[in-house]
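S.K.: Taking the hints into account, I'd like the entire structure generated from these sequences.
Residue numbers (the working numbering), protein chains in the order written: chain H, 2 to 346; chain Z, 2 to 346; chain P, 2 to 346; chain Y, 2 to 346.
Copies of the same chain look alike in the list, so a pair counts if it fits in one copy or across any two.
Result set (DMTMM-like, lysine to aspartate or glutamate): computed pairs, CA atoms no more than 25 angstroms apart in a straight line:
1. Lys318 to Asp133
2. Lys318 to Asp34
3. Lys162 to Glu88
4. Lys318 to Glu88
5. Lys56 to Glu136
6. Lys6 to Glu310
7. Lys318 to Glu120
8. Lys318 to Asp114
Don't read these hints as lab results, they were simulated from the structure.
4 protein chains.
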Amino acid sequence: MADRKLNFASDYTRGAHPDILARFVDTNMMKTDGYGADEISEAAREKIRDACHCKDACVQFLLGGTQANAVVIDAFLQSYQGVIAAETGHISAHEAGAIEASGHKVLMLPGADGKLRAEDVRQYADGFYRDDNREHMVMPAMVYISHPTEHGTLYTREELKQLREVCSRYRMALYVDGARLAYALACPENDITLQDLAAYCDAFYIGGTKCGALFGEAVVIPDPERIPAFFTIIKQHGALLAKGRLLGLQFDTMFTGGLYERIGTPAIREAQRIREALVEKGYQLCFGSPTNQVFCVMENSRLEVLGREVEYSFWEKYDDTHTVIRFATDWSTTPEETDALISVL
Amino acid sequence: MADRKLNFASDYTRGAHPDILARFVDTNMMKTDGYGADEISEAAREKIRDACHCKDACVQFLLGGTQANAVVIDAFLQSYQGVIAAETGHISAHEAGAIEASGHKVLMLPGADGKLRAEDVRQYADGFYRDDNREHMVMPAMVYISHPTEHGTLYTREELKQLREVCSRYRMALYVDGARLAYALACPENDITLQDLAAYCDAFYIGGTKCGALFGEAVVIPDPERIPAFFTIIKQHGALLAKGRLLGLQFDTMFTGGLYERIGTPAIREAQRIREALVEKGYQLCFGSPTNQVFCVMENSRLEVLGREVEYSFWEKYDDTHTVIRFATDWSTTPEETDALISVL
Amino acid sequence: MADRKLNFASDYTRGAHPDILARFVDTNMMKTDGYGADEISEAAREKIRDACHCKDACVQFLLGGTQANAVVIDAFLQSYQGVIAAETGHISAHEAGAIEASGHKVLMLPGADGKLRAEDVRQYADGFYRDDNREHMVMPAMVYISHPTEHGTLYTREELKQLREVCSRYRMALYVDGARLAYALACPENDITLQDLAAYCDAFYIGGTKCGALFGEAVVIPDPERIPAFFTIIKQHGALLAKGRLLGLQFDTMFTGGLYERIGTPAIREAQRIREALVEKGYQLCFGSPTNQVFCVMENSRLEVLGREVEYSFWEKYDDTHTVIRFATDWSTTPEETDALISVL
Amino acid sequence: MADRKLNFASDYTRGAHPDILARFVDTNMMKTDGYGADEISEAAREKIRDACHCKDACVQFLLGGTQANAVVIDAFLQSYQGVIAAETGHISAHEAGAIEASGHKVLMLPGADGKLRAEDVRQYADGFYRDDNREHMVMPAMVYISHPTEHGTLYTREELKQLREVCSRYRMALYVDGARLAYALACPENDITLQDLAAYCDAFYIGGTKCGALFGEAVVIPDPERIPAFFTIIKQHGALLAKGRLLGLQFDTMFTGGLYERIGTPAIREAQRIREALVEKGYQLCFGSPTNQVFCVMENSRLEVLGREVEYSFWEKYDDTHTVIRFATDWSTTPEETDALISVL
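M.R.: Right, dumping it as structure tokens:
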């Protein structure tokens, strides 16, 4: 069985938070309208609007991160426009060309620890508008960032504000991929709130899949006039769930009693313990992640032995004899699991 | 609440069969690999291969019907090829241009009661290959049918065989959309088995969403060499579920002990009772559906009153004073619900 | 050699009007800016604006009809929108899926003699907006017609106005494919002027390829604010000519001294003579074309003999023993060529 | 007038070589079949096959470079595959997203003086096939290079051979953009022949637009079985010229008597004179181009003055007070024009 071994391979290995699972059970025999037109989904939308202090926002529930990115980016961009992202951004590297499949170029910039710098974006946009050949080039019309990033790092509120300013200056939309947003919200280093996201972004999504839901991401578009046919765009991308309430009930649960904002706490706590243990044992940490992803350098000879005890993720080659690997904690990680991991490191 | 009223609006108003729900509960805290690489998904694939008598088939689980159609059709067609479908086919009318979004034309032919006739397909393909301008036209390279059709009607095994022959003759793939396949399998009129589908089709999908699952469709490609990069194509379409086992466990349950082949029985029985009641009360039935969808003509003045008691679907205008409406039963419809409906007809 | 035989196969068999050819020779060694930024192209644009009484229009020169249609339709439609066209429309049948290649569905309606009826369009749009499922369907956002049509027939000014009214009512753009526009303008039956097209359409193109140019079509968008990035859209479609002046000089010539409005005269005169001869000889004419395309029914046995003397176009099967064929005249057809054709009919 | 001033802005400012212009005049009133099915086009194809020592090659004539790249790349790639190119490659930077518009990602690698290194390509492909997540990534399936490059530099035959070997090893197609190929063939440093291109590439195009034609590029696919529906793919991209012979006659002329292989000679000679003059006057050359493009660094204060006398191209910012500019010669550049340029440098 896959779970006989310690498993820190990713943050989507378990099912859902027990409160969510209970809602699946409780609502199973209800009959409701399809495609998110049900009352549960509407209640969830309202709670998200409240949490974001954004009472008119368009909120739609999609099924996964790559899908959310493809749908939102396609919705915002005209056919001849592209989206700026860090080279390490999920859309740049690990979505199998989903953005290009709807005709849009990902304009990749080098990042720093997974983050896009406002100054780099400004220079790119400025260079574009100064270039006499710009009508022969892809117009940058959106900036994509992840919070936390793919490297587990966090933007500061000030950095987000700077990106917003650059976007406004060059008429670009700002879009935040919040696949692991709960782990930012539960992290002491984080100073970006849901309200900040609603204030600074043209669109963002609140991650469910990696944050305690079975599946699902809540896309928030603060200005509902911005994308009037969003429902049809979702349908055209094959991204509309017939029994839409299954998404609604998960987000309704996560936005009841502030669950979403505290669900990541165990993950942050256990990740911090792993980091401390690694440092103590003399391993080198990478990327400076304060969230639920822990990156470190391991000797290749050590990896094989470790792999017999614990599932981890290969991240990238470090040098000829070392590799960067990742341990991921999640909302369900227990201190006992961490103890077991530490004992084999 | 949406379910205070009688609801025969569609076959995706309730959650999942209790056995499936139980599996969600039982497996919730397991840790497994993502993206369908888990043991539960593999077990489900193996059971489907067994049920189809097709031991090498590629089986992949997708989330919904429009998505399955878009992914499969894009996987099989080259950029310059199109897919033949009935004008009433789901891909022709109700998928918001999902097929065109990946660049493929839907070549629409008139159908009969929702069915595509082999002879019409033959004439179309023959006309194409006889046309001197064919290199300026979209090459027909796939035939799409639904079983049961969008009108609830059924192909016969002989008709399926004839379509296969036309497809083979003109080098077209044959693809069957089985969104409601369980309702065909549970219908006495049906003579097409899962093994027939595997024998005659290049691809088909076994519908879960409308047939007792929470969500999910199992795509079967009998010849696994046919689409070598199918996994990446799924990913590129944003159609890959992170916690893939959630799909696997549903199909594993439905293909244990032959559940899938009998799950539609209540729906067929109750639909038949509704049809008999309608005829008895003097209403005119439409399309000759023997499956879980019941179509009839109603006076518009009658509809308003009826709408206060029961949720039904508007289908199409019949004439200035009449409308075609639909009642749908499903795997969970009870005799008591049917009694209540009949009493208000 | 291809031209030893009489050739009435199409209206793009010869090169260019002598005045155009002379301009190629005269300007050959000039050095000008590329991509249409030269003075000749600008002069041509200005003359077209004058001829259309539309002083602010955006005018861009493209290379051919399928390209013009693909670029204009993609420029006007959002990703989830489609274009209504007659089943016989060029974009419906003979552009190899070029419209679908940029993601847009062609919503086909039956026409009458190649023409789309305003009332049919109205019913389609009305049906769409009355349909509860419209958010699951492709939104009609443009109407495409050809003038003359693919059958050689002409819209009346009144019919164009009615289409405009329907388009305005349902927020659809009206686009006219003028591949053979010169043959309408030279036809006594025609009452639609260039000014009418500019007044009633959101976009149209003035055909060059079939009307005396070597190649080229002039796209006119009366409201230049409508498609701000049109140049980049052209580039993205691979439709931008490096030596743009080659297009400019052809339209500059055709719009000097009113050449374009009279260039089709010989074609109309000779086509009329062919029609009269056919009727006199007892052949049945088709489609009622008053322009440069002549359609008639021929016995298949007769076709083989005729084919030894003259190149014509196969159009469609009429019945088992007869075929509809087409003779096309053009700006260069001489009375002597017509005499020769008539003598072999 | 645009040509009152000295103009070294690009290599597409003049019309066609006089021999080509004469063919336009001579053939103008011929009647031929459309779409390249004429005898002139067939003769041109045959001459190109002979020049390439590749008697079965598929040869098709397209209208421009961006179009040729978009059509060829779309023809070779499956929907989920991408093309590797240098960051400075034309498809990476200056085609307005034409490759992405048909759904394909351009996988950009850093180059050296505009050239892609075989070793970099090998590492990228190797990294892809070693990456456990490769099924979530865009599969590299083609390598795109330009010869000469966008920086005017040349690959050696040995470098081309190494790229071929990497491509074969990782099942990628090798495609060469020969927009300025005549300037390579006329350059003493070049050791790659047309036969080499046919031997090492899966596809390449022989540039006309910048090499003496009015417009047009000849795509050569040595193995004609490789892309069976290439004609339809061309049509679908809106890239099919109705009067196809206009392309045929230009390439027929350029491949008669070896014109194409010597047409670039004046450009190379005059570019060399400009380079020598620049060095003598103390300017710094860039990129080491031996072909018809001359790049040098100029003080910004100098540029304004120079711009009154001569048209040149802005290339890129060098530092805060200097700019890289380009002078381009072409097949028609005269020693007198060069003298005049040198006198104002």
